[in-house]
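Enquirer: One-letter residues, chain by chain:
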Amino acid sequence: MSASVVAATRGAGVIVVLLAGWQWAAGTGRVDPEFASSPARIGTTLWHLLSTSSFWTVQLRATAGGFAAGWSLAVVVGIVLGVAMGLVGPIRDTLEPLVMGFYATPHIALVPLLIVWFGFGFQYKLVVVFIASVFWVLLNTIAAVREADEGLVRMSRAFGATRRQVIATVVLPGARSGILVGVRLSVSHGIIGAVIGEMFSSHQGVGFLVSESAQLGLIDRLLALVVLLAAVGTGTNAALAALQDRLERWRRPDTG
Amino acid sequence: MTSGTVATRRRRHTFQSVRWRRIVLGGGLAVLLLLLWQWYSSRSAHNIFIASSPSRSWDSLVALVTTGSFWSVQLAATAQGLALGWSCAVAAGLLLGAALGYVRTLREALEPLLFSINCVPRLALIPLLTLWLGYGLTYKAVVVVIAGFFPVLLNTMDGVRRADNELMRMSRSFGAGPVWQLFTVALPGSLPSVFAGLRQSLAHSVVGVIGAEIWASSAGLGWLIANAELQVRTDRIIATIIVVTVVGVLLNETLRLVESRCTRWYPRERR
Numbered sequence: 236m237s238a239s240v241v242a243a244t245r246g247a248g249v250i251v252v253l254l255a256g257w258q259w260a261a262g263t264g265r266v267d268p269e270f271a272s273s274p275a276r277i278g279t280t281l282w283h284l285l286s287t288s289s290f291w292t293v294q295l296r297a298t299a300g301g302f303a304a305g306w307s308l309a310v311v312v313g314i315v316l317g318v319a320m321g322l323v324g325p326i327r328d329t330l331e332p333l334v335m336g337f338y339a340t341p342h343i344a345l346v347p348l349l350i351v352w353f354g355f356g357f358q359y360k361l362v363v364v365f366i367a368s369v370f371w372v373l374l375n376t377i378a379a380v381r382e383a384d385e386g387l388v389r390m391s392r393a394f395g396a397t398r399r400q401v402i403a404t405v406v407l408p409g410a411r412s413g414i415l416v417g418v419r420l421s422v423s424h425g426i427i428g429a430v431i432g433e434m435f436s437s438h439q440g441v442g443f444l445v446s447e448s449a450q451l452g453l454i455d456r457l458l459a460l461v462v463l464l465a466a467v468g469t470g471t472n473a474a475l476a477a478l479q480d481r482l483e484r485w486r487r488p489d490t491g
Numbered sequence: 018m019t020s021g022t023v024a025t026r027r028r029r030h031t032f033q034s035v036r037w038r039r040i041v042l043g044g045g046l047a048v049l050l051l052l053l054w055q056w057y058s059s060r061s062a063h064n065i066f067i068a069s070s071p072s073r074s075w076d077s078l079v080a081l082v083t084t085g086s087f088w089s090v091q092l093a094a095t096a097q098g099l100a101l102g103w104s105c106a107v108a109a110g111l112l113l114g115a116a117l118g119y120v121r122t123l124r125e126a127l128e129p130l131l132f133s134i135n136c137v138p139r140l141a142l143i144p145l146l147t148l149w150l151g152y153g154l155t156y157k158a159v160v161v162v163i164a165g166f167f168p169v170l171l172n173t174m175d176g177v178r179r180a181d182n183e184l185m186r187m188s189r190s191f192g193a194g195p196v197w198q199l200f201t202v203a204l205p206g207s208l209p210s211v212f213a214g215l216r217q218s219l220a221h222s223v224v225g226v227i228g229a230e231i232w233a234s235s236a237g238l239g240w241l242i243a244n245a246e247l248q249v250r251t252d253r254i255i256a257t258i259i260v261v262t263v264v265g266v267l268l269n270e271t272l273r274l275v276e277s278r279c280t281r282w283y284p285r286e287r288r
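Note that the protein sequences, when read in sequence, are chains W and B. Every letter in the first sequence is one number past the one before it in this note's numbering, and letter 99, counting from 1, is 334. Every letter in the second sequence is one number past the one before it in this note's numbering, and letter 241, counting from 1, is 258.
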């Protein structure tokens, strides 16, 4: 067996042993399964949740709608503002203190204010998701645009390119991969933002299920939702990273 | 020599003019927005009820920080949870991170587990933790530990793992054992990475403690925000948000100061 297989087995073994220990402790009553749940109970609850049609047509739909709206707005605003701030000094100087001030504010502290302003519906969710995702796009775009290859810029200038041409043919294509990193990161943060927002104020959605389960003391369902959320967030991020890797393959000289 | 001085002078000159432009333009925008806000809220009673106003929020802020109980009860409650949780997160993260970065077998055994736990969004655990722990100091501290542990762990592990190979080899040929090497080469070399982790961890911890208090608590800055929300006192919400932001920035700057002290000996280009 190669070293990496041994390592992977060992890593998986630790997880399996822990889950088995938990299951055993709950099964033999060493811990109260009503209180500490168990892997089997979480699995069953998750399966039950996912096979309920209202989960898809009502809850997930509410979360996804708020996410889609807030996230697309964040991507558009983030890229447009980021390119402008990255390219034009005065715009950057004007907006950066404000942007950094909002970035430094712990966003969770803004949630109650947004609840007062927007209540618990679609609008509220849109704003929460926007705030959760816009900074990832914006800050990455500014950095990507500013990090344009100095040598290429100077060369195209020397060959007589206008400022507009330099931006269109050198700066923006060069910034693309940096911008895409920001967009990718904003997806999982936006999804989680939507759920956290719903947790604090909503009448339907995945986050509503979280707060409802907490109020009813349904620990199995809470843990099932946490597992689901972790899987969706990580899965989306990994899938998008793979996609980006594909799109950016031309960049790496070694793979042609 | 001369060209270097010229370059430095020019850089300093641009730096200053950029700073001035930023103060004038950025400050101008802030003043403009504040004036717009004040004007909007002065137009009707409904507007001022929903949006409050800069002057009202300012009054609220002054009233808040001049109350004795703000310092002795609310800020103290948040600080307690944050201090207890963050010190546990840092201690655990440093110890486990150093061990995992240094001992390969241990890393291979625990990395998959830690990475899977790291996928869980921290704030989504808050409702669960309230059910398990109530809403006292333990609950707050545990939320902070969960929020602040991973940045320290991952960055320490990474820093120790990337210990300078040549230094390691040299110290080994001079007779240093693995433990001695850990404390004289690997750990000091990982300081910049560790501090990056500490700062990230502190920021997450502030979010954690405020989130925990907004969800369930009987005192603290987050409780102030949640309470003001219940009473629909926008001015008080805004005032407390400002306090929270200032606290976060101050903590971050303090840590940055400690960092620059501790890494002063480090070669500049690798910092």
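If you are wondering where the hints come from, they were derived from the structure by calculation, not from laboratory data. Owing to the predicted nature of the structure, the values given are computational and were not obtained by experimental measurement. All C-beta atoms in this analysis are idealised placements derived from N, C-alpha and C, irrespective of residue type, glycine included. Hints are not guaranteed to be accurate.
One side of the interface only, derived from the structure: several residues of chain B facing chain W at Cβ under 8 Å [claimed, not checked]:
#: 1; residue: 48
#: 2; residue: 125
#: 3; residue: 145
#: 4; residue: 206
#: 5; residue: 208
#: 6; residue: 251
Enquirer: Give a verdict on every hint.
Expert: Evaluation of the provided hints:
1. 48: Violated, about 11 Å.
2. 125: Result: holds, 4 Å to nearest chain W Cβ.
3. 145: At about 5 Å, which falls below the 8 Å cut-off, the nearest Cβ of chain W leaves the hint on residue 145 of chain B intact, so it holds.
4. 206: violated, 25 Å
5. 208: Where the cut-off is 8 Å and the nearest Cβ of chain W is about 25 Å from residue 208 of chain B, the hint is violated.
6. 251: holds, 6 Å
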